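> Chain residues, written in single-letter form:
4 protein chains.
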Amino acid sequence: MVDELMFETKVIRDNIHGNITINYQIIWDLINTPEMQRLRRIHQLGGTFMVFPSAEHSRFTHSLGVYHLVNRIINEVIKEEISNYDKIVALCAGLLHDIGHGPYSHAFEDVFNTDHENMSQRIICEDSNINKVLNKYDSHLASNVAAVINHTHSNKLLIQLISSQVDADRMDYLLRDATNCGVSYGHFDLERLLRSMVVKDNIIVFKESGVHALEDYIFARYHMYWQVYLHQTANSYEIILNKLLRRVKELYENNYSFKHDINLLIPFLKNEIINIEDYLLLDESILIYYFKNFINEEDYILKELSYCFINRKLFKALDISSEQEGLNLINKIVDDTIKKNYFFEILQAKSSFYKYYGEINSQSINIITKDNKIEELANASNLVEAIVNSAKDKIELKLYYHQDYRSVLNE
Amino acid sequence: MVDELMFETKVIRDNIHGNITINYQIIWDLINTPEMQRLRRIHQLGGTFMVFPSAEHSRFTHSLGVYHLVNRIINEVIKEEISNYDKIVALCAGLLHDIGHGPYSHAFEDVFNTDHENMSQRIICEDSNINKVLNKYDSHLASNVAAVINHTHSNKLLIQLISSQVDADRMDYLLRDATNCGVSYGHFDLERLLRSMVVKDNIIVFKESGVHALEDYIFARYHMYWQVYLHQTANSYEIILNKLLRRVKELYENNYSFKHDINLLIPFLKNEIINIEDYLLLDESILIYYFKNFINEEDYILKELSYCFINRKLFKALDISSEQEGLNLINKIVDDTIKKNYFFEILQAKSSFYKYYGEINSQSINIITKDNKIEELANASNLVEAIVNSAKDKIELKLYYHQDYRSVLNE
Amino acid sequence: MVDELMFETKVIRDNIHGNITINYQIIWDLINTPEMQRLRRIHQLGGTFMVFPSAEHSRFTHSLGVYHLVNRIINEVIKEEISNYDKIVALCAGLLHDIGHGPYSHAFEDVFNTDHENMSQRIICEDSNINKVLNKYDSHLASNVAAVINHTHSNKLLIQLISSQVDADRMDYLLRDATNCGVSYGHFDLERLLRSMVVKDNIIVFKESGVHALEDYIFARYHMYWQVYLHQTANSYEIILNKLLRRVKELYENNYSFKHDINLLIPFLKNEIINIEDYLLLDESILIYYFKNFINEEDYILKELSYCFINRKLFKALDISSEQEGLNLINKIVDDTIKKNYFFEILQAKSSFYKYYGEINSQSINIITKDNKIEELANASNLVEAIVNSAKDKIELKLYYHQDYRSVLNE
Amino acid sequence: MVDELMFETKVIRDNIHGNITINYQIIWDLINTPEMQRLRRIHQLGGTFMVFPSAEHSRFTHSLGVYHLVNRIINEVIKEEISNYDKIVALCAGLLHDIGHGPYSHAFEDVFNTDHENMSQRIICEDSNINKVLNKYDSHLASNVAAVINHTHSNKLLIQLISSQVDADRMDYLLRDATNCGVSYGHFDLERLLRSMVVKDNIIVFKESGVHALEDYIFARYHMYWQVYLHQTANSYEIILNKLLRRVKELYENNYSFKHDINLLIPFLKNEIINIEDYLLLDESILIYYFKNFINEEDYILKELSYCFINRKLFKALDISSEQEGLNLINKIVDDTIKKNYFFEILQAKSSFYKYYGEINSQSINIITKDNKIEELANASNLVEAIVNSAKDKIELKLYYHQDYRSVLNE
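Note that the protein sequences, when read in sequence, are chains E, H, Z and R. Position one of the first sequence corresponds to residue 1 (our numbering), numbered consecutively onward. Position one of the second sequence corresponds to residue 1 (our numbering), numbered consecutively onward. Position one of the third sequence corresponds to residue 1 (our numbering), numbered consecutively onward. Position one of the fourth sequence corresponds to residue 1 (our numbering), numbered consecutively onward.
Hints listed in this document are in silico derivations from the structure and should not be mistaken for laboratory results. Computed from a predicted structure; not experimentally measured. There's no promise every hint is true.
Here are the simulated DSS-like cross-link-like pairs (lysine-lysine), alpha carbons at most 27 Å apart as the crow flies [said to hold, decoys possible]: (1) Lys313/R to Lys136/E; (2) Lys373/H to Lys316/E; (3) Lys200/H to Lys370/H; (4) Lys398/E to Lys370/H; (5) Lys370/H to Lys316/E; (6) Lys373/H to Lys398/E; (7) Lys313/R to Lys259/E; (8) Lys332/E to Lys303/E; (9) Lys373/R to Lys79/H; (10) Lys350/H to Lys370/E; (11) Lys270/R to Lys259/E; (12) Lys370/Z to Lys350/R.
This is chain E alone, in the form it adopts within the complex (with noise of 0.2 Å):
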C-alpha cells in the first residue's frame, strides 16, 4: 500500500520550516537510500557560498523543504481533489526531484553533456534503491513519479506542484538561499501565497487578494537573481570550474599521463552512457578530493584553475558593452590561444524571474478574477507587467578574467 503510514510520525527540524513531518513510510524509505543521502554532499548553490559564506546548505535540506512545501499545498489547497495514490506520487516527486544532479551541476552538464533531469528519471526507473524502494510499495509508481518530473505525467497538477512559476520547487529554493545567505530581500509571504492558491480546472490558480502577495514574490525572485544568483563574484567561480573540467577532458583526450588517478571521472571522459551507478559515486568531495591533487599536475592551465578554484583566486570582471569589444581586448593582451581559452571569459547575465506565456496554461501565474475569469498575472498586475518590461532593458555583459590580467586591463 503506497500510503502505508509511519509507526511513530517523525518530526524533522529545519532551519526554514521549523518542523517537517514525514506520515508515510515510504518516505522515510527514500530518505534513507544512499541516493538520497548524496544530496548531502551537493551544496544547493554550487559555488555561492564563496561569495555568501553562510550559504552551506545542501540539495539534500531542499528536498526535504520542497517534500514539505507539497505536503502543505495538497493538505491546505487541493484537499480532496486528489487521489491517495497521486498524493504519494507528488510528495516522491517532491522529494526526489533533485535526485540527479551532481556535483556542481551546471558546469558539470555543460562539459560532460550530461542531464539531471534525464539522470533522475533513470535513477529512479532503473536499478537503484531508490527504484528498489518505489517497486516495493506499487509497480508502477516508479514510472509515475518519473513522469511528475518530466513533464509527462496526465494530471497536469501534479507537474504544476513541482515544476511551475510558483512552485513547491522555487518557494523552498527562494526562502531557503535568501536565509541562509543572510539577505534580506528574497523573502516572501509564504502563508499569504498558499492562503491565495485554489484549484479550478484541475490547476492551481490565484485569487485576484492574492495579486499583492504575487508581485512580493516576482519581486523577491527579481531581487535574488540579480544580487545573488547572478552575483559576478559567484559567475567568476562557475567560469573557472567549467574550464577546470574543460581541461581535464582535453587533456585526457590527448592522453596526458595524470600523477594522480582520477578514475571516477574516467566515465565521464569516455564518450560513453554513463551508468548511474558511476554517476552516483561523484559528489563535490570527490571532485575537491582531484582538484587538489590537479594543484600538483605538470600542465600549467590545469595546476592554475584548480589553484584558482581551491584557494578564491578568482577570475575578476569588465562591464563590456558588446561581445566584440570584449574579443578585441582579450586579443589585444594576449598571444596563446590556449590562454585565451582559458583565462577569460565573456558572459551575459540573463535572468528568469517571470514567464508570460499569453495563454493560461499550468506554467503560467493565473489570476482568477472575482467574475471567474482567469488571466495572466502581468496581465492582473500593472506592476508586475512593468518589471518585467524594465527587466528586458536589464543586459549585463561582462568579461570575466583571470587576476593575472589585471594591470593590464586597468590601464
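Since chain E is already given, all that's left is putting chains H, Z and R on it; use the hints.
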C-alpha cells in the same frame, strides 16, 4: 549646555528597534513633558486598528523611533559633518516632529482647519513645557528645532533627516506600521539602507550599491499604501469620523442644544484662533468619550454616525468609474439632502510612495554613481521608474455608503 | 445552529499569530458587539506601557489571540474528542474570557470591590449584546460559556483550555506581552508545546519528549514575572492609580464637591450592586478624562496623584528588609497621616510562574511517561523543581514613595 | 603596520549576524589563505547534520562570526582599554582559533592522538600561509596570536575574549548552531549581554542588571547540550566514526592490504609527529572519499562501519543503569571479541554548560554588584545555582549497539 549627558544612560526597550538609547539629558526631559506623554493617547494610524487590530501603537512610540533613527544616521553616516549643536537640534526635531498632532488628525484638521505642522511650531515656540525645557538649555534652541520641522532651517541636512523621502520619519513608521499590523510586505532592509548613505555637498545621497535596497524600500512603501494606508475599511472609518465632526460643527453653528457638555471642543467650533493649552487638552480618549455620549443625542445623524464609529458599523464601498456615476447613484436611491451629505462619500485613493523631482534636492532620492555623478533614483533604477509609471494608471474611485443602503445598492 | 459557518471565512492579521481565521458566524457576531469592541480601549498590561512604551496592545487583541489558540488546540490536539457543541462553547469562552475586565482592573477591583470574573459571567448571562448573540444561536449557550469561565462546567477539558497553567490565555499573553514589550526573554516554542499535547482521560497532558519545551515555557514565565509583570516602575504606576481611586472614594464619601462631573464613577462609589450597563460604560479613556480634570481640583492629594499619574511623575522605590523598617522610615520623615497613606506604600513582589499541586488535576502541568504513567512537571523535571525552589527564596520587599521625598530618603 | 586599513571596507553577509565588516587588510589576507578556506570543508557540528539536517554550517562561517563578536566586544565594551596592537592580536586570534581543527576532530583526535589546539599553534607559528601573512605585518604577531589561543598571553583580557564561559566563541556557536539546527531554545539576548559587559581590573565582568540575561544564556546552553550536542543520534554517528578510524589503524598496524590507496591517512597511522602540510591536506571530503572506498574492502568490520557511516545506518541506544549492566548485556548476546569491540559502546553524557570556580578569574562568570563587589554568577543568581545543582544529578548512561542486534536486545 545643550549636549549635557545624562548621569546614567537610559535604555528603552522597543518592539521595532530593540533598544533605544537616551544619552542626553535634554531628550529625557522632553520625553517627560505632558505634551509628549499626550502622544501616548493618539494612535499612530488613527482608526486603522479597526481593520488591523494589532496596529495599536501610538505617535509616542513612533516619535521615540524617529529620534532613534536620527541618532543612528548621525552616528553612523553623518559623523563629524555636523556640529554638536546641530546634532541636538536634529535629535529634538526627530522626537518632536509630531508633537502638534491631534487625535485623528486627518479628519480633525479637515473639519476644523487646524494644521499639525503649525501646531508643532507653536507648541515648541510658545508657552509650553516643551518650550521651557528647550529654553533651559539654550535660548535659540526652540526656534532652531521649529525651523527644522517647518523646513526653513538653513542647514538642509537637518531638514532632510526629518522630512524627505527616505527620512527617519518614514523609515520608522514603515517598519513600525508593518510590524504592528502583522503584515509581511512593509519590511525593508534598514541596515543596508543606512550603510548605503553618504553625505555629499551636505545632503545625504545613496551609493549605487544601495539601489537594490532602495528599490526594496519603494516597493515596501507601494505595498503599505495599497494594502494598509488606503485600505477600504480604514477609509470608511475615516469618512465616518469626518462626517461626525462635521455634523457636530453644523449643529453647534445652528445652536443645537447638546445633552452632555462638549466643552473641550468648543474652542474648535468657534472660528477663533486656538490657544495651544486648549489644543493639548484633546486626545482620542476625549473624542471617544464625547462620541459615546452622542449616541444618546436627539439628532439622528449625530446619533447614528457616533454609533457607527464606536461600534464599528462601517460604511461599505462600491467601485465606480466616475464621480458622476457616484452622484447619479446617490441621487437615485436617496432624496433627503442631509442623508446624501452624511451617509455617502466619493473617494479616490492616491498613493505617494515615490516622488520624482527632475532635479537633485534634499527631497529627491539621490544616487551617487561610481564616477561621482548624482542622479535621481528613478533614473538610476528602471525598476523604480516602472513601478512609478505603473502606479500612475492605478486609480481607485469608490462610493462609500452607510450599511443601510446595502440591499438597495446591490440590486 | 451554533456551528453555522460564515458565508466567507474571515482572516484577521495579527502581529503575534500572523493570521487568525474566523469560520463560525457566532464568533464574528460576538467580535462585533460593543462589549468586545470596548476591550480595544483597555490596555492588556494596564500601565506597563509607561515602562515598556511599545506595550500598547489591548485586551481586545489578546482576546482574539486566546480564541485563536483555543481553536488551534482543538484542531491539532483534541480533534474528535470533543463535540461540535462543546467546541463552540470553548471558542466563545476563549474569546470572552476577559469581557468583564474594566480599565486598570487590578487597582479598580481592589478599591471598588468589583470582580472581573463575576462581571464576565454577568455580561454573558444578563441583558447584553453578548447575551443576545449567544441566545440567538442556542438558549443554553450563555450558561455553558459562563460555566467554562467560572470553572464550573462539567467538561473539565474546556476549563483547562482557558484556565490552567499552560492554557490558551497564558500562552497568548506571554508571547504577546514579550513581543510588544520588545524583550527577548518571554518567548517559548509554541509549536513544540502544541505538538507535545495529548488528551488522556479527558485532560490535556504532555508527552515526555515535551519536557524541555515546558522547561523553556516555565523559564519564560519566570523571566516575564521578574522583568515585566513585577517591574518596579509598573508597580509604582499601579500604586499611584490605586491611591488615586481610593482618594476619589474617600472624598465622595465625605461629600467633597467635585468641580467637574464624575457621573460614570458614581455607581461604583455608592455601595450598591453595579448594573452591567454602567459597568460597561467605563474604559481607560473615561478614567483618563476624569484624572485630567482632577488635576484642577482643590484637594491637594487628588490633584497631585492625578498629576503624577497623567504626567508620569512616578513614585520611587527603596529596598527594605522588613515591613517594620518601611513603617519606621515613613514615620521618621512625615507627620501628616494623609500623606502617609497616599504618598507611601510597602509592597512585596510575588510571582506565580508555576504551581505544584501534589496531585494530577486539570490545573497541574502533567507529563505522561513512556510507560503511560502521569506525573507533575516538577517531578519529571529537576530543572523546574530547582527553579521553583530557587524562587521560593526570592523576596523583594520595597517601599514606594512620592518623588518629593527622594532627597530626604537618600540622605 | 598591523592595523593597516583596507582600501575599501568589505562587508560579508551572514545568516546570524547580518553584516560582518572587515576593516583591516590583515584580516582579509588571513581569510583568503588556503588554511582558512579549508575550514569551509569541515562542518562546525561534525555529524550533527545527520540528525538536524539544516545544521550544515562550517567552521569557516563560525570563525568569521567569532572574529565579528571579538570586534563588537572591543568596539562596544573594551573601547580604549586595549592598545591597537592588542586589538589586532585579538581579532586574529578570534578568526584563527579553530584553524587547527581537522575533520570530525573529536573522533579523529581520540584515535590518532592529535590535538587541535596544538595544531592551531603550529599552523600559526610554523611554515604556513597563515604564518606568512602574520609575519608580513609584524614579526611578533604570530607568537602573540598563538599565545592567546593557548591561554599563555600576558594580557588576560585577550584570552577571556576567546576562551571563557561567555566568550565570542561560545556566543557565536550557540546562536549559529541553534539557528541552523532550526531549534528555538538556544537563543539568548546577545545585545543585552554585550550591554551588560564592563571591564574591571582588565577582565570583563557583568553588571548586576545583566544577571537575567546571563540566566537566559546559561539556560540556552543547558538546552543546547541536552537537545543538540548530546543528542543520541549524533553520539551514535560519532561512535561509528571513532570505531571506523580505530579499525583502519588496527588493520594498518597488522599490515592489512587496502584495495584503494589511503595515502593521506598514512602520516597519522605511523606513530610519528605529523607535519602541518600533511595535516592540512585532510578535510571531510577526503575522509568521506576514503570511507566510500572502504565499503568495497574485504574486512567485514571496516566495510560494515563504513557502510553504516555513509548511509546513515546508525547504532541504536539503550538506557542502562551501570557500566556493568552494559557489559553483561554485550557478553550475553555476542561471543566474537571483535564484534564486541566494534559494534558496541557504553557512553555517559556529560554537559558543561556552566562551571563554578569558587574564585574570581578570567574563566569564571563574574558579576559586579552595585556596591562594586565582584562575585561569581552562581552566587548572584539562585536560579543558576539551582540549574547547576539540578544538572549534577542528571546522568545518562547508554549502551549503543549496531542495528543488527536490535531484535535480540528488545526481547
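> All the hints need checking, so say for each whether the structure fits it.
Results of checking the hints against the structure:
1. Of the supplied pair hints, the one linking Lys313/R and Lys136/E holds, its CA atoms being roughly 20 Å apart against a limit of 27 Å.
2. Note on Lys373/H and Lys316/E: the hinted pairing holds, with a Cα-Cα distance of about 25 Å set against a maximum of 27 Å.
3. A C-alpha spacing of about 13 Å is found between Lys200/H and Lys370/H, which places the hinted pair at or below 27 Å, so the restraint holds.
4. A distance of roughly 17 Å separates the Cα atoms of Lys398/E and Lys370/H; the hinted pair therefore holds under the 27 Å criterion.
5. Taking the CA atoms of Lys370/H and Lys316/E, the gap is near 17 Å; set against the 27 Å cutoff, the hint holds.
6. Proximity of Lys373/H to Lys398/E is assessed by CA-CA distance (about 22 Å); at most 27 Å being required, the pair is judged to hold.
7. For the suggested pair Lys313/R and Lys259/E, the alpha carbons sit about 36 Å apart, so the restraint of at most 27 Å is broken.
8. Restraint check: the Cα-Cα separation between Lys332/E and Lys303/E comes to about 25 Å, which is no more than 27 Å; the hinted pair holds.
9. Between the alpha carbons of Lys373/R and Lys79/H the distance comes to roughly 37 Å, so the proposed pair goes past 27 Å and is violated.
10. For the hint linking Lys350/H to Lys370/E, the alpha-carbon distance of about 23 Å falls within 27 Å, and the restraint holds.
11. Using a Cα cut-off of 27 Å, the hinted pair Lys270/R and Lys259/E holds, with the two alpha carbons roughly 24 Å apart.
12. Taken as a hint, the Lys370/Z and Lys350/R pair is honoured in the structure, with Cα atoms around 23 Å apart against an allowance of 27 Å.
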